[in-house]
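A.B. asks: Just so you know, the protein sequences line up as chains A and B, in that order. Quick note on numbering: this note's numbering labels position 239 of the first sequence as 239, and the sequence is numbered without any gaps. To convert, count from 1 in the second sequence and add 308; that's this note's numbering.
FYI, nobody ran anything at the bench for these hints, they're computed from the structure. Watch out, some of these pointers could steer you wrong.
[Stated by the list, open to error] Pairs of lysine-lysine residues, derived as DSS-like cross-links and limited to a Cα-Cα distance of at most 25 Å, are as follows:
hint: 1; chain 1: A; residue 1: K15; chain 2: B; residue 2: K315
hint: 2; chain 1: A; residue 1: K91; chain 2: A; residue 2: K15
hint: 3; chain 1: A; residue 1: K72; chain 2: A; residue 2: K261
hint: 4; chain 1: A; residue 1: K19; chain 2: A; residue 2: K3
hint: 5; chain 1: A; residue 1: K83; chain 2: B; residue 2: K436
hint: 6; chain 1: A; residue 1: K195; chain 2: A; residue 2: K78
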Amino acid sequence: MSKLLEVIDMSISFKMYEKGFRQSYTQVINNLCIKVSRGEILAIVGSSGSGKSLLAHGILGLLPNNATMTGKILYEGKGLTEKRIEELRGKKIALVPQSVTYLDPLMRIAKQVRGNVKNEERIRKQKESFRRYDLCENSEKLFPYQLSGGMARRALICTAEQEDVDLIIADEPTPGLDIELAMKTLRYFRELADKGKGVLLITHDIDLALNVADNIAVFYAGTTVEITPVSDFLKGEEGLRHPYTKALFNAMPQNGFKAVKGYQPYYKDLPKGCLYSPRCTIAKEECSKSKIPMRQLRGGMVRCIYAT
Amino acid sequence: MVSKIIKKILRLISLELAVCITVFVLITLSPIDPVQSYVGAGVAVSPEQRENIAEYWGLNSSLEDRFLSWGKSILKGDFGTSLIYRRPVISVIYEKFASSIALMGTAWILSSLIGYSLGIIMGVNQDKPLDRIIKSICILLSSTPTFWVGLLVLIVFSVNLGWFPIGLSVPSGILSSEVRLIDKIYHMILPALTLSLTSFAAVALHTREKVITVLESDYVLFAKARGESQMEIIQGHLIRNTIIPTITMQFASFSELFGGSVLVEQVFSYPGLGQAAVQAGLRSDIPLLLGIAIFSALFVFLGNFIADLVYGLVDPKIKEI
């Protein structure tokens, strides 16, 4: 499996104004590392506010003007410069956005799915996608506000099928879909991956992710704490590496529904060392001293010095 | 749609009724003496003759009776006779309106086109030097009084440069049958320019805000993510999403247009409805003043009505409800 996308040490910070004209920089994504290979689905799971969508926008070079991104993004082994991402966007890398607000409110849905390419081939492709996602012919002429939440989401997924892309970044593609259609969507991503494409699946639905993904990256407070093969996640606590992932596993309804005390820290007052240390049960003094690097462990990666 | 129009017509009737009552009562309360303004200044009239005139016009009856008898003739289409022009009010208004509508229409189209284009240019170049320069000009213009701009334009283009006539809507000293269309257009350029100069700034600034909102929207972000270029985004999404508010705003601004034309026509001695309104007020021409009040209310109402209709026709979200 050749590497398609590699994000190394990505940090995103926002310039903000505090009281008057004093500028401050707030870091919302910290030293994030992920990689997606051809044929792989990497699911990114994490609670809301952990920076999942920002990661997607960051890769696509679509961050707002007051954001600064550091770190490296490699696409097919080469640095992803601003110029290069502009050429790749929509052609080789597709985004499946998360809500109906990503559709132009005044454009008919079929035209919108086709995008700015106008030819017979594209119309055929669009009709094919609509059929696959149970969007009837009548819905072609509808405007986004006339779609139900599920239809809008299916239309958004259709947009990703219009070009022959290599990497799909799906930002929460399943909420609002019934379980059957959600599974259908994910199976479709699986098919694409099996054909040699890479899929970055951003979601908070761990169960669904476990069904189709190959690897799972766990997000906490804007960073990856663990990247693990799905098989290890299914093994439960013994298979997993990071205390947060273990806690996440135990918090799932079928695994005891146990919550850990405390909250994900607000991005403005992050702890100095390990971001999870204030809530961690095995944390020692060292954990709060300095940043913890990602390290290889048992075929996965973890950001914890005590993980075994 | 039909019920909407019926509702609008009912609203128009109630509006006109309110306008009629208000202007009628206001004029009754004003110090204008209808007998004096009828006989004109300088003519010696004895008190008995005055009394006879007042009796003849029914001025001694109660306010309600006077309003009702006026209202009845208005409903029949009889607006009375203008004291200044010595012609039926309705024909005066028709003539003045015809020359005003050309002026206002030209200014309106100019300010729409210039305002919208500048708005797009500013919004797309948000906070860049180009945006800052145009924005400053717009703010300056929108805070400048219309009559002052008119005077300035006159001084520069008519007096100093001598490019345009200094006033009126046709050349003076020739028969009206000899006036060519080109003369009329030539006389209209400066007033129309002045009128649009003071109104395009509002459109431009409004469009700029709308453009910025659209450019920051999720759907533009997604369009970028799908590889659409800036030009494609402007053509495909930006214009589509900003043109309706601008059109609506332009139709809804008929009142400002009319207000501006009163001042501009005064400065340029342009014989339109605005100037007639000023004259009617200054020279106590009550029938004409009342008639103009009724018609200008109708004019402004029509603007708002069209704004509503256009919105309904162009915006799918409203059309199908």
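A.B. asks: Of the numbered hints stated previously, which ones are contradicted by the structure, given in increasing order?
C.D. replies: 1, 2, 3, 4
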